[in-house]
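Student: Here is how the chains run, residue by residue.
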Amino acid sequence: MKVKGKITEVKGTVVKASNVSGIQMNEMVRVGELGLVGEVVRVEGDSAYVQVYEFTTGLKPGEPVEGLGSPLSVTLAPGIVGNIYDGLQRPLSTIEGYSIFRGYTAEAVDVNKAWHFFPVIKPGVKVEGGEKIGYVEETELIRHYIMVPPGVKGNLTYVAPEGEYKVNDSVAEVQNGEKQSISMLQKWSVRVPRPIKRRLVASEPLITGQRVIDAFFPLAKGGSAAVPGGFGTGKTVLLHQMASWANSRVVVYVGCGERGNEMVELLKTFPKLNDPISGKPIMQKSIMIANTSNMPVAAREASVYVGITLAEYYRDMGYDSLMLADSTSRWAEALREISGRLEEIPAEEGYPSYLASRIASFYERAGYVETLSGDYGSVSIIGAVSPPGGDFTEPVTTHTLRYVKAFWLLDPNLAYSRHYPAVNWISSYSSYVEPLSDWWGFNVSKEFETMRRQALDILFKEESLRNIVRLLGPEVLPEDEKLLLEAANMLREGFLKQSAYHEVDRYTPPLIQYYLLKLILTFYERAKEKLKGGATVEEIRSSPLYLEVIRARFNVKSKEDFEALMKKVMEF
Amino acid sequence: MSGSITFSSVQSIRGSLMVIRTNGKLGYEELVEIELENGEKRLGRSLQVSEDIAVVEVFEGTQGLSPRDVKVRFLGRPLELPVSNELLGRIFDGLGRPIDGMPEPVGVEELDINGKILNPYKREYPDEFIQTGVSVIDGMLSMVRGQKLPIFSGSGLPHDMLAAQIARQATIAKGEEFAVVFAAIGVPADTAMFFRRELEESGALKRSVLFLNLAEDPAVERIVTPRVALTAAEYLAFEEGYHVLAILTDMTNYGEALREISMMREEVPSRRGYPGYLYTDLATIFERSGRITGRKGSLTQLPILSMPADDITHPIPDLTAYITEGQIVLSKDLYHKGVYPPVNVLMSLSRLMKDGVGEGKTRADHKELSDQLYNSYSKAMDVRSLAEIVGEEGIPESSKKYLQFADAFENKFMKQDPYENRDIDTTLNLAWDVLSILPESAWTNISEKSKKVYLSVVQKRSI
Ligand SMILES: Nc1ncnc2c1ncn2[C@@H]1O[C@H](COP(=O)(O)OP(=O)(O)O)[C@@H](O)[C@H]1O
Ligand SMILES: [Mg+2]
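Taken in sequence, the protein lines are chains A and B. Residues in the first sequence are numbered from 591 upward in steps of one, following my numbering. Residues in the second sequence are numbered from 950 upward in steps of one, following my numbering.
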């Protein structure tokens, strides 16, 4: 039964309603004459506080409030991939005019579209939640499995024959006392993680094609990582790069409280960029969720949950999903704003005391798992963090760093000098280095792990030498240390730096990453010998080969390119 | 509308806020008109409404108001601005009422000053280069139509001069001129006068609309001024098809007004007393820019803000830069060295530059040149600070070139007259000139191709 009451107070986007006894915590409601969407965030006697997901201008005490009887849920069905949604999974592409009007409602997928369904199971067996019944080809890249919804179990009495069906048509029936019909469309409450069989240890890298990450601070499939950085340090570009090149099957990109034009950029580039593995436009594996900074704050809080639930759904089909959230700080700020309007007692910097646990349970939804149907799938989460004043000691950053297993700290000084991606190689961290080193050994080169250590070693030594140089000038250093500074410079310029906008440089497959590192380290070895033979560092630096090795990241595309340049280095 | 007019009484007054009795008749963010005994009228807007009372902010301030002596009328609508192209050439106060002695313009529409939520799906990606004629901007911080790019400045720095130069010189490839919407937010009258004069002298005044909330005007009104101005700007851009340049100065005054009201409401502050929603609030202003699919015009924002105590981590510049598409940071040091425009290029950024420049837009070598200038200038800054510590003798011969490069970059490339208008070719050729001070082995960002095509041209020119 639907609860109906009325507004007694409006304060920003928080509305108090009276006469709503029976309404449930987190229940969705419609507020006011316009039917604005909201969610119950506190129940007190027969009153309730509602967080409205839309602007509340003009709302008056006395207007109606109606409970919808269910919590905030997403629609799970073929037709999601390739779409752009708002924070409540309302499609943005079907709205008339150029603005989003209040009280807007629309189905998340086209319910009139017919999909060609292929059954994969025959009736007469016992099934449980997660079991695959059949599939449709959602895009050229995504075979969308229709699964028995979690919680449903019994005898499979009917499976539809191959043919055209709409998402709400019945494609199977399960009998367990009563008959339950299954369509291609399910609903799932966004704040509840979708069930799995068990968690597994991640051991495969999520290849992103971004050198500083894959080679030095890698992420595993099913892992969680954060990218903290002040404005302009390159969070968004890095996330866009991941969305474009990562070897995940599905990408869910959540633009949470950031710029509208950044979503347009994705919409513009995704149909034109090809997935490095399949060669198909990455639009065919992407889902976008936009709650841009000018959209109502409350839906920002919901948007990350909508995103993660979609990622979990595709994981359940046995795929690797990647969920990117730019920026989780805006989500935390939305929590703070709602908490403030509810007059909760604030903890640090006005954030509610449950901030840490919310962040923890969000990143907990990442994982490499065995699905209910016995497949392997994963959800990887990468969240940007936008610390005010670039201060990494603020609450959202500190709590996030406690819960993620890798973090790439962006350094404003690197960004100022246009060293992008501005990942600080001294203070960034990944706990996946160890578990993934076997993969590199098997798939790329046995010497990779040693080279990785050598390279980091040069960079660490550089760091301590730089402190001397800063005070006394480079002239005080002996020649071999000056050469080490040059080697470090080659690593920075020729490996760590990576332009997102250069046709070749923007994506480097693992093997080429190895080549580039090999070229620099071998050049360094050769140079050391030349130094012993009497050459000066100045001579080495001004040799054309020095520049050619640094510029290899723009030019080396194949084994042949590598071998040709390697030959020159060996002869140097 | 008039049907909903109700009279009400005031319960209490505190700062610029009033608590009034409403009997539930006032909607959230709706307007009230407050009438004093002497007939004076003021406007207010509700911040919180309940069944019997509402909290209202009074735009013109509460000075001289006494609960017993005023009448409050509910207008039954949010704050609106009547719009039409009759706005052009006119001057209004910070709430959008004419102050140029002419009658209220006839509006074809009344628009809510909060604007509409632009659907990101309907945005068009901004990628049309704007030539400002200022080398450091065109060369390294290129602006595009529809971008929001603020100037971060400090007291005594020539931000007004630079904004005026951009407004005067900004041409777009096709030569279409900008319509200018100017919003003064708590600035001294002479700043507003300066812009007015500049617009007048360049003949742009008839294509301009001015909204003035001056330093002596009430602070609460500042919350509204940028929104009123952007309502006009959006109308001119997206309904009338103008390319609009909106100059908002000074957004720091806006932020301070917001803090003042938040404190009066006893809200929990976050950083430095500013409300937790400062980011969201600023975003509802700065995101009102861009281009829209299928519409002719564009709305480019050039907000100006002074950094309190020159601190870029202060919440107002910090959160602004998190929202805008880059920032132009002015430097006291350079200004004292006699460099105009004194732009701290390393701290500055134009996020939309990449799609607005290059072959077919400016020149094929533009991106590489700009990357190289950043790269080399940042190296030069390291050398310069080292030279300050160890003396020029202490730095290697090969690094001394960087000192020369930095001087040439600042004094030849960046420095120019406020009335000098350089085209993009001139700017890029100058870049090659200063870059040529460094040996080619330092050109890590320059491709062989660019060297071949452009360097020879430059070298020939300089012979
Ligand atoms: N990998 C990269 N290659 C080239 N430019 C980059 C790269 N990363 C960042 N940038 C530059 O830095 C700017 C700011 O990056 P962005 O990701 O938007 O920062 P943030 O999201 O941290 O504010 C971009 O507009 C671009 O000019
Ligand atoms: Mg960003």
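Just to be clear, a hint being listed does not mean it is correct.
Said to hold, decoys possible - Pulled from the structure, derived: some chain A residues nowhere near chain B, Cβ distances all over 12 Å:
(1) T598
(2) Y688
(3) T729
(4) S883
(5) Y1006
(6) D1070
(7) G1123
Claimed, not checked - Heads up, simulated BS3-like pairs for lysine-lysine below, C-alpha to C-alpha not over 30 Å straight-line:
(8) K858(A) <-> K1398(B)
(9) K1120(A) <-> K1310(B)
(10) K1303(B) <-> K870(A)
(11) K1310(B) <-> K1400(B)
(12) K1400(B) <-> K1108(A)
Everything labelled a hint here was simulated from the structure, so no lab data went into it. Note that CB positions come from ideal geometry on N, CA and C, so glycine has one too.
Student: Each hint needs a verdict: does it hold in this structure or not?
Tutor: Hint by hint, here is what the structure shows:
{"no.": "1", "hint": "T598", "result": "5 Å, violated"}
{"no.": "2", "hint": "Y688", "result": "4 Å, violated"}
{"no.": "3", "hint": "T729", "result": "19 Å, holds"}
{"no.": "4", "hint": "S883", "result": "3 Å, violated"}
{"no.": "5", "hint": "Y1006", "result": "4 Å, violated"}
{"no.": "6", "hint": "D1070", "result": "16 Å, holds"}
{"no.": "7", "hint": "G1123", "result": "21 Å, holds"}
{"no.": "8", "hint": "K858(A) <-> K1398(B)", "result": "28 Å, holds"}
{"no.": "9", "hint": "K1120(A) <-> K1310(B)", "result": "46 Å, violated"}
{"no.": "10", "hint": "K1303(B) <-> K870(A)", "result": "25 Å, holds"}
{"no.": "11", "hint": "K1310(B) <-> K1400(B)", "result": "19 Å, holds"}
{"no.": "12", "hint": "K1400(B) <-> K1108(A)", "result": "28 Å, holds"}
Going down the numbered hints, you'll see the structure goes against 1, 2, 4, 5 and 9, while the others check out.
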